[in-house]
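A.B. asks: Please build the complete structure, drawing on both the sequences and the hints.
So the protein sequences, as listed, match chains R and G. Take the first sequence: its position 17, counting from 1, is numbered 17 in the numbering used here, and each next residue is one higher. Quick note, the numbering used here runs 10000 ahead of the 1-based positions in the second sequence.
Hints in this document: simulated from the structure, not taken from any laboratory.
Taking lysine-lysine and the DSBU-like style, the derived pairs with C-alpha atoms no more than 30 Å apart in a straight line are:
#: 1; chain 1: G; residue 1: K10366; chain 2: G; residue 2: K10343
#: 2; chain 1: R; residue 1: K134; chain 2: G; residue 2: K10354
#: 3; chain 1: R; residue 1: K290; chain 2: G; residue 2: K10354
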Amino acid sequence: MKEEGNYANRPSNTAFTQQRLPAWQPMLSAGVVIPGFLLIGLAFIGIGVGLLITSRSIQVLELDYTGTETSSPCYQCTMSNQSNCVCKLSFSIGTLFKGPVFFYYGLTNYFQNQRKYGVSKDFNQLIGDVSYFKSPSSDCQPYQRVNGKPIVPCGAIANSMFNDTFKLYQIINGKEELVPFDGKGIAWWTDYNIKYRNPDYTPLKNAFNDTEKPVFWTKPAYELDTSDASNNGFINQDFLVWMRRAALPNFRKLYRRITEGNYKDGLPAGNYSLEISYNYPVISFEGTKKVTFSNVSWMGGQNEFLGIAYLVIGSMCVVMSVVMLIVYAKFRFPEED
Amino acid sequence: MRMLFPGDAEAEPGGVRGVHLCRKIQHDPRERMSRKTLKCLLGVDEGSRANRKVVVGHRPCPSNEEIIPPKFCDNRIVSSKYTVWNFLPKNLFEQFRRIANFYFLIIFLVQVIVDTPTSPVTSGLPLFFVITVTAIKQGYEDWLRHKADNEVNKYKVTVLVDGKRIESESEKIKVGDIVEVKENETFPCDLILLQSHRDDDTCFVTTASLDGESNHKTHYTVPNIESDLESLTATIECEQPQSDLYKFVGRMDIYKDSQEPIFRSLGPENLLLKGATLKNTKMIYGVAVYTGMETKMALNYQGKSQKRSAVEKSINAFLLIYLFILVSKALVCTTLKYVWQSKPGQDEPWYNEKTQRERETNLYLKMFTDFLSFMVLFNFIIPVSMYVTVEMQKFLGSFFITWDKDFFDPEIKEGALVNTSDLNEELGQVEYVFTDKTGTLTQNNMEFIECCIDGFQYKYRDACDELDGFSVTDGPVNKVQQKAGREKEDQFLRALCLCHTVQVKESAEQDGLADQVDGSILDEASSQEERGFIASSPDEIALVKGAMRYGFTFLGLESKTLKILNRKKEVEKYELLHVLNFDPVRRRMSVIIKDTSGETFLFCKGADSSIFPRVKQEEVEKIRMHVERNATEGYRTLCVASKRLSPEEFAQVDEELKEARLALQDREEKLMAVYNQVETEMTLIGATAVEDRLQEEAAETMEALQGAGMKVWVLTGDKMETAKSTCYACRLFQRNTELLELTLRTLEDRGRSREERLHELLLEYHKKAVQDAPPVKGGIARSWSGANHDYGFIIDGASLSLMLKSSSASKPNSYESLFLQICQNCTAVLCCRMAPLQKAQIVKMVKNSKGSPITLSIGDGANDVSMILEAHVGIGIKGKEGRQAVRNSDYAIPKLKHLKKLLLAHGHLYYVRIAHLVQYFFYKNLCFILPQFLYQFFCGYSQQPLYDAAYLTMYNICFTSMPILAYSLLEQHISIDDLLENATLYRDVAKNAMLQWWPFLYWTVLGVFQGLLFFFGVRCLFSNPALQDNGQVFGNWSYGTIVFTVLVFTVTLKLALDTRHWTWINHFVIWGSLAFYVFFSFFWGGIIWPFIRHQRLYFVFANMLGSVSAWLVIILLILLSLLPEILFAVFRKNHGSHARQTSTVTPLTYKHPREHNHQPGLDGQH
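C.D. replies: Below, the structure is given as structure tokens:
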């Protein structure tokens, strides 16, 4: 049939056009699946055990300070509209709380993941583009202007920045000793260094001429941390932490780390007092506020879900491989008759 | 007058007899119509609009009647849908009539108008893409149709205008033009034959491309008109165009100077149909009466309607379900949103106040916009990209048909052709195959196989020995050592040479001595001896040629003298005295001749059943055996008998014949009586076996199709006997098949009315085939005894129309359903004597019967076009009868044998591929959107998207589209060889098996399961969002990204699990897609993109990868999602059909049959 090659419109005889490409034809047969399941199951059980142990080793101390209960020390702060209400929360730690200790604040029933809330910001302001200081994005409404002046940083997220502040004292012999907080490195490195930028003005205040601070704020953005220029304005760590919206309505955000001084290795056993300047209103939407002390491991904060899930699925795999083995041991023979 | 069209032509749809009758009338002056009767017939008196009046040559005629030249349509054939001008609006309109496109348009508009969570680009861009791709594809297809139309319409013709021959184009022919047609040209429109180049005022045509009859038909010029067409002044009055090929009534008024016009009646014998071909006549002139779309050929086409595949219907059904899911999701969310907001403090917390305008908006308007927003948010559940992918899959997939070298036919140097790629998968769903006979099952190429002389078998040697065969001068090659006597041989061969109505082709020299029936050159080696013959039946040519091979050559008929060249190369002359014509009732024909010595012989040939009773019985037995053997082998057998007539006998016969021919009344009956009387007491001298050569591998193909569970129906315009023998040869009818006949013959057996008889027969057959038939799933013992009871059904066109007519009149549909029930229990059905539209009618009837089975029509001629268009899938064969069928088909293949691979391999694979594609698409979008839906419960029903806009847009376009496209193009879950070998595998996917509700439910449940898993798995993880070892927390975009990562990996790996055939392309695309996703995510979140307002994903992906917990949860969720799938695959593998198992057995399992289930999964390369 060689002369057929002369035909111009003869289909080309390639493996592809003739659907004869060499192919690997895997089979999910029991021979693969049973040992596969067994291996995966064992591996998962191993990982699960590791995870669970790790998770259990993480110490967590959670304190609610919403103040809805009359017994709560912060109850009075919820009563009046007074500003600068301070309440103190006392607690004790039985054993050494291993460091570095991470200090979180948590909110519940707070919808940072609302769509309208989420888009209510002007990213151009936040990268320090001063031209947008005068005319904030319309996304920011109704937090775009106040008294005719543009708000910087505009929008609902910035406006609602968490503004409770905390001071932790260890009570040693009746005396309160301040536990130093480390406010660095609580926000994503990229947020701090790249994503958010202050306008290139010195002093920073000048950039904010003719602008208004967000209505909820007590201080303008350029005064968030007057002591440290690198933690001021839009690159204030607390601000950055707040700007990263939480995924779920019950969330916690990192407030401080305890890494310094005597507390480098953790919080020693003893009595502590947490001084809270109570500003953030949550009662109106039936939310709660809490603080959490936690140390972290390689897997992050405490979360038993992963370990349990791995254990369960690992065991499931092992059980299934055994069941399959039994099934095939039983039913293979009649087939051969 | 009724005699002109006996039985309303339904009784005799075949043209031949009609022509004969008409000719008779022509020659009989007493039956010439008076003008009055004609007027009556044509209904002129009722209203002249019922007729059309044509002025021949546009010459005004001196008529006292004023003729307003009416407007007729031009001679253009239009099969295209669009023009340049209406393409855009018409195509857009058609596209948006599709519910999916319309839906996307609505979504797009909503996004533009209402404040929605996602930008209009996300749905506008894909929609634009889909519309454009489809428009380009349809435009291209229409352009091809335009091209084909142009080929026909621009065909060069010669028109006579005022005596001058003017070259023109076919489309410019107007009604009334006188057109010149040369030999072997097709008629450009319906013409009334005015003048022929032949002396006897006849011309020969073949209507092969119209009704499949390839024999030559004689047509007659209008009698007694001037030879000078220039001076001819005449008008033609004829009926309005109608589709029946065999019906035509008209009248020609010829005006001669100042005389009363002369009337000539016109019948179908004067009408040359567009599409027929002029044969053996140098040139004719005819006047156009019907043009363009009004020609009988065009009227026999049906409008080319858009064919939709069953898969597309399933898609639409699923689409509705998903639309329902979508709407309910949106409704649920909207309702819950307002329920939730009614609680104090939730609607407008202090941190998220509303603008003044939002507060003032009407509540119901807000609800409505919220509803629309949810719709937009969830609209991805109906995958716009599925339509793109399906279109692409179909378009690209169809290349595999055109590329397949198995479909390449070296004879015509062409491969398969795909006209509509929309129906690829339908090829895997065929339940009924309707096949044409002539040119499709058979080559329409009769060949003399063997003969039997005096009980001895003579078999002609195979073609390879042809030269030898001819060089042997001392007689036929004799396989059986004994021979009949030389004298008997000679007598038999002489009979073959003399007893026929064959003509020697006059222009044989020009045509390379080809014979006219098949139009191709046979036996080149012996072309010296070969002659072109013309006959009304190809069998006769085969017999004459057969005799020639044995040394007796028919030289021709000259003035009543038959000349033959005998074995000794001597010319023998015989005077032809009478021809006792063939007719289907007698089933034989005879000639009476006188040899040079003055002796008179009668030679008769005919079907065994009609010959055996008329010969001396002692001769019958030894020949009967041969005849029966030949018949079971599928050959067409004829018996030959002779009789010597004494001068007295002859004189008497001669007298009687002449008398009968002149009879005024009951001439037919009288002639028949004479024939029957003379054809008695003959001597049986032998039998012949002629093969209507089947197409290559026709029987194997039919067997494979039946094995695949398809019912094969043969629909042909041909005679029943011929068709039946073909069915036997194709093994559609087996030897033990009991034939149930519903034909004119069986209907007319008794003296009762046809309707009564029809009723009786139908009930009888129904009882036999349906009621008494053993149940399909009967016990083994039962099936052993009942298995040999196969039924075959035979019906002819007349009976069919009678049946349809009676059923619509009296008991609606009862006959039809009886008929269908009988047919369903028959292994094969043969419908003969079908007009093209009747073929379509049958197809339609089956198509609309219970269970609406998928039908496929295959044919090669223009007479098959209507059924090709009617069936779900139309296959054209690139045969010898022109390209009409190919043009109107959905797929065209060079040979019948290619049908097997087209259906069993390509069709099966396409179906599996596209079914999987469809299910997979719905599945992957369900588990894509379900987490987004669930997220609404955690974000205050605020329409917050879970995934970034880039992910939402790219998910279907980039991340998950290529693997499924590659799968849907390359997957071979069973190898092509196995599919071809094992036809029963086709049944596995019959009845749209993979797109039924159960598989759909399975996929849906899988999608829901995985969607729930993705969302709640990550939700549990995020109960503590501090997932990094530096204590930092993850936000909402990290949440979405983790879910999305799990999603992309899971759906891709799910496809990987389903892939049975991993070519390098699959590897490349599957792993490439995943790599691309990772790569894209890095980049998307790795750079501050200047054109994006929110850098939401900045470093989200990288941070996610920095978290061990995220890794672990991703791995966990992927594995958990696929776990049931893996289990199911193992389960299915071991309890699946054995056929599938054997087809995928790997060498290792072969060696270790005990380890049946321990197959080397990873190295099972074939």
